[in-house]
Amino acid sequence: MKNRVRELRSLRNMTQEDLAEIIGVSRQTINAIEKEKFDPSLPTAFKIANLFQLPIEEIFHFGK
Amino acid sequence: MNLARKTKVRKLALWTWSWVATLAIATYGSKYIWDDHAFLTTFSIIVNLINGVLMILSNRDLFNDFDELEKKIHLESMAITLGLSVIVGLTFSLVERAGLFNFKAEISYLVMFIGISYLVSFVVNTRRYT
Chain A
1 MKNRVRELRS LRNMTQEDLA EIIGVSRQTI NAIEKEKFDP SLPTAFKIAN LFQLPIEEIF
61 HFGK
Chain B
1 MNLARKTKVR KLALWTWSWV ATLAIATYGS KYIWDDHAFL TTFSIIVNLI NGVLMILSNR
61 DLFNDFDELE KKIHLESMAI TLGLSVIVGL TFSLVERAGL FNFKAEISYL VMFIGISYLV
121 SFVVNTRRYT
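Top to bottom, those sequences are chains A and B.
Residue 62 in full-length UniProt numbering sits at position 62 of the first sequence, with consecutive numbering throughout.
Residue 52 in full-length UniProt numbering sits at position 52 of the second sequence, with consecutive numbering throughout.
Be a bit skeptical, because a hint or two may be false.
Said to hold, decoys possible - Taking lysine to aspartate or glutamate and the EDC-like style, the derived pairs with C-alpha atoms no more than 20 Å apart in a straight line are:
hint: 1; chain 1: A; residue 1: 35; chain 2: B; residue 2: 67
hint: 2; chain 1: A; residue 1: 37; chain 2: B; residue 2: 36
hint: 3; chain 1: A; residue 1: 47; chain 2: B; residue 2: 35
hint: 4; chain 1: A; residue 1: 35; chain 2: A; residue 2: 7
Simulated from the structure, these hints should not be mistaken for laboratory data.
Model the full assembly from the supplied sequences, consistent with the hints where possible.
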């Protein structure tokens with residue numbers, strides 16, 4: 001699944017550590033999501049969408 | 001690592017070390033310390049068993065504190081370790097029964113095999129996701 005997490009995080013001048021702390025996961029998890037090596041669970045995806053105040057489908061795109 | 005996680009890791013480390021210590025006492029105590037005293041031998045085994053249960057509970061406590069990626073990494077490592085232990089263990093048993101080689105395996109070898117398999121799978125899985 002493709003995503004815009006890195007782009008949106010950079011726009012807000014946040015570090016992976018900052019985002020991880022707000023979402024409640026480890027920095028490694030944020031890194032894996034940004035590198036598209038790991039697809040987050042629905043609650044985590046919603047937390048990210050709420051934080052960036054965007055609909056979930058504008059951040060995560062299904063498809064290879 | 002946050003404070004809650006550190007506390008859980010410390011707790012698991014404490015129970016693991018005390019389980020290893022009580023296992024050593026239960027194993028060698030009757031021979032070197034209390035000279036085959038039946039009550040003390042039984043008592044040391046019960047203490048070791050209780051210690052083991054507490055170690056499992058603190059491991060579960062730590063596991064429940066993991067986030068989704070950490071849980072995935074550990075679950076995959078456990079699946080590989082379980083599979084390897086069953087497959088390698090039974091293959092070894094078949095080879096031994098067929099008389100292809102004569103090597104008396106002990107339960108401690110299986111424990112070491114499980115530990116090494118889990119460690120290697122954990123490192124490989126962690127690298128896959130980082």
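Given hint residue 36 of chain B paired with residue 37 of chain A - CA-CA distance at most 20 Å: violated (57 Å)
Satisfaction of hint between residue 67 of chain B and residue 35 of chain A, Cα-Cα up to 20 Å: Status holds; Cα separation ~17 Å.
20 Å Cα cutoff - pair residue 47 of chain A, residue 35 of chain B: Measuring from Cα to Cα gives roughly 62 Å; hence the hint is violated.
Pair hint outcome, residue 35 of chain A versus residue 7 of chain A [Cα-Cα no greater than 20 Å]: holds (11 Å)
In summary, the structure is inconsistent with hints 2, 3 from the numbered list given earlier, while agreeing with the others.
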